[in-house]
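Visitor: One-letter residues, chain by chain:
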Amino acid sequence: MIRCENLSKSFRRARVLDGIDLDIALGERIALIGSNGAGKTTLIRCLLGEYVHDGKVSIDGRSPRKERTAVLGSIGFVPQLPPPLKMPVGQLIEFSASLSRADPKKIDAIADRLGLNVDEIRARPFIKLSGGMKQKLLIAIALGRDAKLLIMDEPAANLDPEARKIFFDLLAERQHDATMIISSHRIDEVASLVNRVIEMDMGKVVLDDKVADDVSLSGRFACRIVSRRADAALAKTLASWKFTADESGLVWTGEVAGPDRLRFMGMLSRYVALIGDLSLNEASR
Amino acid sequence: MKQLWLTARLDIVESLRARWFMIYMLVFGGIVALLFLFGLTESRVLGFIGLSRLLVTYIQLTMAILPIFVLITTVRSVAGDREAGVFEYLLSLPVSLGAWFWGKILGRYIVIFAPVFLAMLAAVLIAMIKEIEIPWYMFGYYTALLAAMAACFLGLGMLISSVARTTDMAQGAAFMTWLLLLLFLDLILLGLMIQERVVPEVAIGIALVNPLQVFRTAALALFDPQLIVLGPAAYVILDTFGAFGYKIFALAYPTALGLLAAGLGYFLFRRGDLP
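One line per chain: the protein sequences are A and B, in this order.
Under this note's numbering, think of the first position of the first sequence as 3, with each following residue one higher.
Under this note's numbering, think of the first position of the second sequence as 775, with each following residue one higher.
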């Protein structure tokens, strides 16, 4: 689906992409990782036809630069930083839906699933929304179209646990008919979402590996935590993950999305001295 | 065509919500209000009387304010949008570069022309209510002149935005362009050049090339080509080419210059990095 041949890009004298060769097939879910300045954003911009470059890039055999509208019509993009658009939310949805020939109602529906009621914010300027709301809306716009390629730059960074869970469900629904490229600084943020990891450093691909794909994107883990004593900070954190406590306030139960389990464990590690018992069982697949 | 109009609409909505547009509206609305308030329609200076006095003052003030306003706001918002990531996101949508660039120009043109025209129209409406005689030919020609002026400086602004990669550079270049045009106005450096016995053809050539000078000469030439406020180069030009021919030139040349600059800007925009 995506082919990069000897892709190189320089800014003045700095070589930001250095002879990248890549083949990405339909249905692959790629984690594009690397430190700042590794070349991830430049690669994404080349895929979107936004940068002129040396070498070749083709998506379904077409150049994203020369056949912009045809190629970009099948790409859904979520940027890392939401653009500071002053236009109302309703117009942004209408604009992107019109260009992509998508149904605005589908975008509204996906935003609704992510916990964002578009009707309530339709007249609000996009720039005035909170970081999480902006992210949800951009995800809804990207997923609300029939995109065969989803390019997402740190897409879940601003989402709360509940929205992340739904976001993973939405990706799971698209995993067989779309290719996904998810960019991140850290592998643990996206490891459980993907089946292939591409690491970049100094403009080169330094690692290209397949990942064990045991946990499905829609998988759930039933979790039970017993706290040694009541603790307000732990209670607040678990409540944000939609966990509920029993009458004693010491036994907490809830569900964790499969792809989010590493992040969940990372969060729990901060309270390890408080935890007397912990179980995490795969509930459904 | 649909993509072009969608982009134009987008730019109009973005501009209407921007602070610069509020100031822009207030400036031109305020000028007309102040001119009426100071009783300009009732005074007579150098043969201008009634609404013609008001209109000629209005167009002189517009000539001083509109070019720098259009240049700075255009480059600020276009280069600023690029820097802030607006281009990265919106150009990831399936819109052709032609529709994007020209749609942006169309939207911005409407936004910058409408307030200056509406302010002038308001002046005419107030004059009608006050039963002041309306110089319709002058109103029509000034409308065309404002349209040409907006096209000219918008085109130059878009060219600067395409070349400059940062907002600071773009603003600096826009300011320098305006300053350069201002310096070569008839009554400033051009007058000095003539005084210093520069070859007349050079002085007249500069006066014909400088769009600010072209607008100034055309606006005043509507009355009396012998006016002393015209300046030496303008006097020679009008004497040589005739008032009517010059008035046509004053509309065609700046519009063509603006379109040429915008076309060059589009060429550079299309062949370079977009965000």
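Because the hints were derived from the structure by calculation, they are not lab data.
Since we're looking at a predicted model, the values are computed, not measured.
The C-beta atom is built at its ideal place from N, Cα and C for all residues, glycine as well.
Don't take each hint at face value.
Only part of the chain B face toward chain A is listed, based on derived beta-carbon distances under 8 Å [what the hints assert, rightly or not]:
{"#": "1", "residue": "Q777"}
{"#": "2", "residue": "L784"}
{"#": "3", "residue": "R791"}
{"#": "4", "residue": "W794"}
{"#": "5", "residue": "I839"}
{"#": "6", "residue": "E857"}
{"#": "7", "residue": "A858"}
{"#": "8", "residue": "V860"}
{"#": "9", "residue": "E862"}
{"#": "10", "residue": "S866"}
{"#": "11", "residue": "P868"}
{"#": "12", "residue": "S870"}
{"#": "13", "residue": "P974"}
{"#": "14", "residue": "I978"}
{"#": "15", "residue": "D1047"}
{"#": "16", "residue": "P1049"}
Within a straight-line C-alpha distance of at most 30 Å, the following computed DSS-like cross-link-like pairs (lysine-lysine) qualify [claimed, not checked]:
{"#": "17", "chain 1": "A", "residue 1": "K108", "chain 2": "B", "residue 2": "K776"}
{"#": "18", "chain 1": "A", "residue 1": "K107", "chain 2": "B", "residue 2": "K1021"}
{"#": "19", "chain 1": "B", "residue 1": "K1021", "chain 2": "A", "residue 2": "K68"}
{"#": "20", "chain 1": "A", "residue 1": "K130", "chain 2": "B", "residue 2": "K776"}
{"#": "21", "chain 1": "B", "residue 1": "K1021", "chain 2": "A", "residue 2": "K88"}
{"#": "22", "chain 1": "A", "residue 1": "K150", "chain 2": "B", "residue 2": "K1021"}
Visitor: Work down the list of hints and note, for each, if the structure agrees.
Guide: Hint by hint, here is what the structure shows:
Given hint, B:Q777 at the interface with chain A, holds; its Cβ is 7 Å from that chain's nearest Cβ, closer than 8 Å. At its closest, the beta carbon of B:L784 sits 6 Å from a beta carbon of chain A; the interface hint therefore holds under the 8 Å criterion. Hint on B:R791 holds. Least Cβ distance to chain A is approximately 4 Å, under the 8 Å limit. Nearest Cβ of chain A to the Cβ of B:W794: about 12 Å, over the 8 Å cut. The hint is violated.
Given hint, B:I839 at the interface with chain A, is violated; its Cβ is 24 Å from that chain's nearest Cβ, farther than 8 Å. Below 8 Å, beta-carbon pairs count as interface contacts, and B:E857 has none with chain A, the closest being about 10 Å; its hint is therefore violated. Proximity of B:A858 to chain A holds as hinted, the smallest CB-CB distance being about 5 Å (cut-off 8 Å). Because the smallest distance between the Cβ of B:V860 and any Cβ of chain A comes to about 4 Å, under 8 Å, the interface hint for this residue holds.
Annotation: interface hint on B:E862 holds; nearest CB of chain A at approximately 6 Å, less than 8 Å. With its C-beta approaching chain A no nearer than about 4 Å, B:S866 sits inside the 8 Å limit, and its interface hint holds. With a cut of 8 Å, the hint placing B:P868 at the interface with chain A holds, because the nearest CB-to-CB distance is about 4 Å. Interface hint at B:S870: satisfied, since its Cβ lies 5 Å from the closest Cβ of chain A, which is below the 8 Å cut-off.
For the restraint placing B:P974 at the interface with chain A, the shortest Cβ-Cβ distance is roughly 46 Å, beyond the 8 Å limit, so the hint is violated. The beta carbon of B:I978 comes no nearer than 43 Å to any beta carbon in chain A, farther than 8 Å, and the hint placing it at the interface is violated. For B:D1047, the interface hint holds, the least distance from its beta-carbon to any beta-carbon of chain A being 5 Å, beneath 8 Å. The restraint placing B:P1049 at the interface with chain A holds, with a minimum CB-CB distance near 5 Å, inside the 8 Å limit.
For the suggested pair A:K108 and B:K776, the alpha carbons sit about 21 Å apart, so the restraint of at most 30 Å is met. For the given pair, A:K107 sits about 53 Å from B:K1021 by alpha-carbon distance, which is inconsistent with the 30 Å threshold. The hinted pair formed by B:K1021 and A:K68 fails the criterion: a straight-line CA distance of about 43 Å is larger than 30 Å. Pair hint A:K130 plus B:K776 holds up; C-alpha atoms about 28 Å apart against a cutoff of 30 Å.
Proposed proximity of B:K1021 and A:K88 is contradicted: the alpha carbons are some 40 Å apart, above 30 Å. The suggested pairing of A:K150 with B:K1021 is violated, with an alpha-carbon distance near 57 Å, which exceeds 30 Å.
Checked against the numbered hints listed earlier, the structure breaks hints 4, 5, 6, 13, 14, 18, 19, 21, 22; every other hint is satisfied.
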